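Residues per chain are reported as follows:
There are 2 protein chains.
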Amino acid sequence: MVNLEGTKDKMAKGSWVTYRPEIKIHDCTIRDGGLMNAHRFEDSFVRAVFDTLVAAGVDYMELGYKTDKKLAAPADFGPWKFCDEDDIRRVIPEDKQGIKLSAMADAERTDYHNDILPREKSILDCIRVATYIHQIPTALDMVKDAHDKGYETTLNLMAISTVRDAEIMDALDTIAKSPVDVVYLVDSFGALYSEQIRYLTLMYLRALEGTNKQVGIHAHNNMMLAYANTIEALIVGANRLDATINGLGRGAGNCPLELLISFLKNPKFHLRPVIKCIQEHFLPLSKKIDWGYSIPYLITGWLNEHPRAAIKVREGSNPDDYLTFFDQMVEEE
Amino acid sequence: MVNLEGTKDKMAKGSWVTYRPEIKIHDCTIRDGGLMNAHRFEDSFVRAVFDTLVAAGVDYMELGYKTDKKLAAPADFGPWKFCDEDDIRRVIPEDKQGIKLSAMADAERTDYHNDILPREKSILDCIRVATYIHQIPTALDMVKDAHDKGYETTLNLMAISTVRDAEIMDALDTIAKSPVDVVYLVDSFGALYSEQIRYLTLMYLRALEGTNKQVGIHAHNNMMLAYANTIEALIVGANRLDATINGLGRGAGNCPLELLISFLKNPKFHLRPVIKCIQEHFLPLSKKIDWGYSIPYLITGWLNEHPRAAIKVREGSNPDDYLTFFDQMVEEE
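First to last, the protein sequences are chains A and B. Using this note's numbering, the letters of the first sequence map in sequence onto residues 318 to 650. Using this note's numbering, the letters of the second sequence map in sequence onto residues 318 to 650.
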């Protein structure tokens with residue numbers, strides 16, 4: 318008989334027949350999806366997503382951004398670009414039915430001192446600060462502000478596929494001393510492979526050891542790896558997992574919530590409501606907005622570039638002219 | 318600074334900046350894709366795939382099955398159900414331009430003594446024997462027959478997500494003593510996760526240690542993991558990788574060749590010809606045949622069942638009635 322000693326993954330945190338109750342799902346359907354329609358979702362759509370997430374046992378729902386109205390004119394966007402209290406309360410019931418709400422605050426694009434209310438005056442529970450590596454000092458001030466106002470906080474370090482390890486480690490050393498609750502590994506360009514996700518997740522966990530902070534993962538599907546990379550990160554210890562219904566999100570989209578829930582073994586999660594919602598609300602939406610894996614996104618992910626050029630192609634008059642796009646992108650390298 | 322000792326994947330066989338020249342790609346576009354159109358591809362389509370694979374540097378091309386004509390009436394199928402010499406030679410040039418050709422022979426569905434010619438009389442280079450666990454004795458006789466006739470051989474053990482470890486190990490012990498060149502891990506139902514792929518690949522490698530046999534991986538995309546699982550297997554040591562252009566294949570399809578080539582670092586592989594072929598030949602085909610990831614396939618993969626019920630839904634009049642399908646399938650469990 319074959320000797321199987323040493324074939325078990327020594328880095329895996331859990332086992333196949335148990336689950337880690339500390340694993341939480343953070344749904345970003347409305348927030349990340351809003352990047353594809355200038356945040357113009359009907360109230361009924363947002364409510365359907367909320368009802369679905371409650372029924373599915375999802376822990377957090379992200380509604381949109383807290384963008385500074387001096388930087389973006391409200392007339393040009395739907396309400397979820399700003400997440401005003403009144404807009405949220407118009408759609409979400411006061412008791413929130415057991416789910417926590419978050420909004421994203423971009424470093425240098427948020428008037429956080431004024432626009433983020435003290436938690437007791439807000440329906441929001443969590444502020445997620447999104448930052449590029451060079452904005453870390455601003456981001457940490459935003460985290461402190463939100464923490465002092467009573468919110469749960471996360472710090473989402475974006476586009477790390479373009480950042481050197483030494484800088485990430487430097488950033489993590491600083492972040493470890495902040496009051497932030499969760500530190501996110503964000504593969505903004507959908508450019509990372511499972512080996513890199515594993516390595517980076519372990520790097521984050523090491524840097525935050527003993528701080529009681531959690532590591533989160535936010536993946537994009539440019540190379541059809543958003544879901545695979547999300548479970549790779551969770552296997553080695555990430556406890557906060559971003560996903561979106563039907564993978565709705567910028568460009569190639571995100572880790573599909575339905576796949577993630579089918580994988581997780583905590584009996585509090587339920588697949589059926591998500592499938593129902595996809596059929597009733599996302600199939601019609603997919604006729605109006607183009608998102609999800611396609612060849613142009615593979616090309617930008619492979620080249621480790623922002624997906625904006627691919628989005629432009631997919632929204633243009635020749636969305637399937639893959640070869641011209643390939644030649645252009647490789648030429649520019 | 319963070320201590321990164323021990324974060325590297327100790328089970329990984331290669332590094333990021335080298336490649337393993339022993340890794341070979343086995344394209345199954347026409348063979349697995351043929352399951353979606355009764356093997357009725359135009360000659361010009363098959364030739365376009367051949368030309369693409371040659372230009373892309375792919376090692377093997379699989380054309381179809383060697384099905385016993387007493388079991389399947391030629392009038393009911395296209396030529397690639399049988400792979401007669403004349404049909405192959407009508408499409409593929411005599412010199413084969415550096416690519417090797419294979420056909421699949423299903424255990425108990427192939428009149429192998431008669432229908433598989435001595436290699437010197439055939440344009441084929443490789444016979445791949447597909448078998449369920451209970452057909453192993455037949456499969457091994459088929460391997461021996463093909464090997465004695467001069468072919469390279471593979472043994473593709475199907476549907477292992479439904480087989481107990483002890484039986485797989487038993488099978489591997491026997492297979493290790495056969496003359497077969499490559500032993501394939503086949504996730505027929507698209508039901509396996511990366512951890513299971515890793516574990517099984519290592520099990521196969523252990524069982525075949527010292528035999529000079531290679532391990533292959535054939536994945537399906539029911540849970541959007543075909544590509545991720547293929548690279549998981551290759552990372553820990555699988556050297557023969559199945560893929561299909563644009564993921565064409567039964568139901569949710571296979572590991573997309575374009576993604577696999579974008580990952581592999583051997584400079585002999587080229588991405589551009591595959592992208593060109595997708596645009597010119599697979600986009601038109603996708604208007605006629607439905608393949609690729611969708612919710613019904615997620616459901617059968619999740620339940621570890623054959624995708625036939627999902628294929629039926631996708632080919633029926635209500636291909637997007639996910640919820641009815643979910644309820645039916647869960648009810649039957």
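FYI, nobody ran anything at the bench for these hints, they're computed from the structure. Because the structure is a prediction, the values reported are computed rather than measured. Any given hint could be a false lead.
[Unchecked claim] Each pair of labels, with its calculated beta carbon distance range:
| # | chain 1 | residue 1 | chain 2 | residue 2 | range |
| --- | --- | --- | --- | --- | --- |
| 1 | B | Ile606 | A | Ile606 | 23 to 33 Å |
| 2 | A | Glu650 | B | Asp432 | 42 to 52 Å |
| 3 | A | Trp333 | B | His451 | 20 to 30 Å |
| 4 | B | Glu339 | A | Pro410 | 51 to 61 Å |
| 5 | B | Met328 | A | Lys582 | 18 to 28 Å |
| 6 | B | His451 | A | Ala329 | 42 to 52 Å |
| 7 | B | Arg407 | A | Arg337 | 55 to 65 Å |
| 8 | A | Asp482 | B | Lys413 | 42 to 52 Å |
[To be verified] Restricting the straight-line Cα-Cα distance to at most 27 Å, the calculated cross-link-like pairs of lysine-lysine (DSSO-like) are:
| # | chain 1 | residue 1 | chain 2 | residue 2 |
| --- | --- | --- | --- | --- |
| 9 | B | Lys461 | A | Lys327 |
| 10 | B | Lys604 | A | Lys604 |
| 11 | B | Lys461 | B | Lys386 |
| 12 | A | Lys327 | B | Lys327 |
| 13 | A | Lys593 | B | Lys604 |
| 14 | A | Lys330 | B | Lys327 |
| 15 | A | Lys629 | B | Lys330 |
For every residue, glycine included, the Cβ atom is placed at its ideal position computed from N, Cα and C.
So, going through the hints one by one against the coordinates:
1. B:Ile606 / A:Ile606: 23 to 33 Å: 25 Å, holds
2. A:Glu650 / B:Asp432: 42 to 52 Å: The hinted range 42 to 52 Å holds for Glu650 of chain A and Asp432 of chain B, with Cβ atoms some 49 Å apart.
3. A:Trp333 / B:His451: 20 to 30 Å: 25 Å, holds
4. B:Glu339 / A:Pro410: 51 to 61 Å: 60 Å Cβ-Cβ, so the 51 to 61 Å window holds.
5. B:Met328 / A:Lys582: 18 to 28 Å: Cβ of Met328 of chain B to Cβ of Lys582 of chain A: about 24 Å, so the range 18 to 28 Å holds.
6. B:His451 / A:Ala329: 42 to 52 Å: 32 Å, violated
7. B:Arg407 / A:Arg337: 55 to 65 Å: 58 Å, holds
8. A:Asp482 / B:Lys413: 42 to 52 Å: Once the Cβ atoms are compared, 45 Å apart, the range 42 to 52 Å for Lys413 of chain B and Asp482 of chain A holds.
9. B:Lys461 / A:Lys327: 39 Å, violated
10. B:Lys604 / A:Lys604: 16 Å, holds
11. B:Lys461 / B:Lys386: Given pair Lys461 of chain B, Lys386 of chain B holds - Cα atoms ~22 Å apart, limit 27 Å.
12. A:Lys327 / B:Lys327: Distance ~9 Å between Lys327 of chain A and Lys327 of chain B Cα, so the pair holds.
13. A:Lys593 / B:Lys604: 26 Å, holds
14. A:Lys330 / B:Lys327: At roughly 16 Å apart (the allowed maximum being 27 Å), Lys327 of chain B and Lys330 of chain A satisfy the hint.
15. A:Lys629 / B:Lys330: 39 Å, violated
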